[in-house]
Amino acid sequence: MQIAISKGKALFYMILSTLIGITCIVFGGYWIISGEVSITKFCLFLSVGTVMSTYAYAQFQVVRSSSVGLLLSPEGLIDNSTLPNDILIKWSEVKTIEYPAIDPPPHFSVLLKDDSEFFSHLDWFSNLYFRITKFWYKTPIVLVLDNLKCSTNELKSVLQDYSTKYV
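Quick note on our numbering: the sequence shown kicks off at 1 and runs consecutively.
Heads up, some of the hints might be wrong.
With a straight-line Cα cutoff of 27 Å, these simulated BS3-like cross-link-like pairs (lysine-lysine) come out [claimed, not checked]:
#  : residue 1 : residue 2
1  : K90       : K113
2  : K149      : K90
3  : K9        : K149
4  : K7        : K149
5  : K113      : K165
6  : K165      : K149
7  : K165      : K134
8  : K134      : K156
9  : K134      : K113
10 : K156      : K113
11 : K41       : K90
Across the chosen pairs, the derived CB separations fall in these ranges [what the hints assert, rightly or not]:
#  : residue 1 : residue 2 : range
12 : V37       : F119      : 16 to 26 Å
13 : W136      : E36       : 29 to 39 Å
14 : I39       : V158      : 43 to 53 Å
15 : Q160      : Y30       : 50 to 60 Å
16 : W136      : D114      : 14 to 24 Å
17 : C150      : L88       : 13 to 23 Å
Simulated from the structure, these hints should not be mistaken for laboratory data.
Just so we're clear, the structure is a prediction, and the values are computed from it rather than from any experiment.
Every residue gets a Cβ at the ideal spot worked out from N, C-alpha and C, and that includes glycine.
Kindly produce the complete structure, drawing on both the sequences and the hints.
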């Protein structure tokens, strides 16, 4: 089963985060040169600008990608709608999938049996990305609905079918 990437939404987020990132960096630089703001505020603006610019780059990679957004197979799932891409999450590693009760949900959480085993196979960038995701969502694997071309109910139905068969 394949679900396509929503490139329109990714493009929107890319443009928005680029504008925010550049604005923060430019204003932070201007204020520090003109002496109108403290070093602390400059560092805050520079940090926000850097994070937003990095997010814009990640969304650019999603927009430019020719791969399928979410790939579900008997072996497992691969989520290419976020960075890092092409990482197989085997069904044997999945404990359960949480389906949010709110409609439309921002994400579906894939809970793993052993997070440390999952982290042990990753390169440094993927490891950092999934650890940050785990910090925010309490699980390293999160399927973001905004990045995919499907409805909440469609994704929930597909995930329930696959998790019933393979988890």
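Hints, one by one, checked against the model:
Using a Cα cut-off of 27 Å, the hinted pair K90 and K113 holds, with the two alpha carbons roughly 11 Å apart. Pair hint K149 plus K90 holds up; C-alpha atoms about 23 Å apart against a cutoff of 27 Å. The hinted pair formed by K9 and K149 meets the criterion: a straight-line CA distance of about 9 Å does not exceed 27 Å. Of the pairs offered as hints, the one joining K7 and K149 holds, with about 9 Å between alpha carbons and a cut-off of 27 Å not exceeded.
Simply put, K113 and K165 have alpha-carbon atoms about 17 Å apart, close enough for the 27 Å limit, and the pair holds. Taking the CA atoms of K165 and K149, the gap is near 23 Å; set against the 27 Å cutoff, the hint holds. For the proposed pair K165 and K134, the alpha carbon gap of about 26 Å is at most 27 Å, so the pair holds. Annotation: proposed proximity of K134 to K156 holds, straight-line Cα distance about 21 Å (limit 27 Å).
The straight-line distance between the Cα atoms of K134 and K113 is roughly 14 Å, inside the 27 Å bound, and the hint therefore holds. At most 27 Å may separate the alpha-carbon atoms for a hinted pair to count; K156 and K113 meet this at roughly 20 Å. With a CA separation close to 44 Å, the supplied pair K41 and K90 exceeds the 27 Å bound. Judged by the Cβ atoms, the range 16 to 26 Å given for V37 and F119 is violated: they are separated by roughly 39 Å.
Between W136 and E36 the C-beta distance comes to about 34 Å, which sits within the given range of 29 to 39 Å. Roughly 50 Å separates the CB atoms of I39 and V158, a value that falls within the hinted 43 to 53 Å. Checked against the hint of 50 to 60 Å, the pair Q160 and Y30 passes, with Cβ atoms roughly 52 Å apart. The hinted range of 14 to 24 Å is satisfied by W136 and D114, whose Cβ atoms lie roughly 20 Å apart.
In this structure, C150 and L88 meet the distance hint of 13 to 23 Å, their C-beta atoms being roughly 20 Å apart.
Violated hints for the displayed structure, listed by number in ascending order: 11 and 12.
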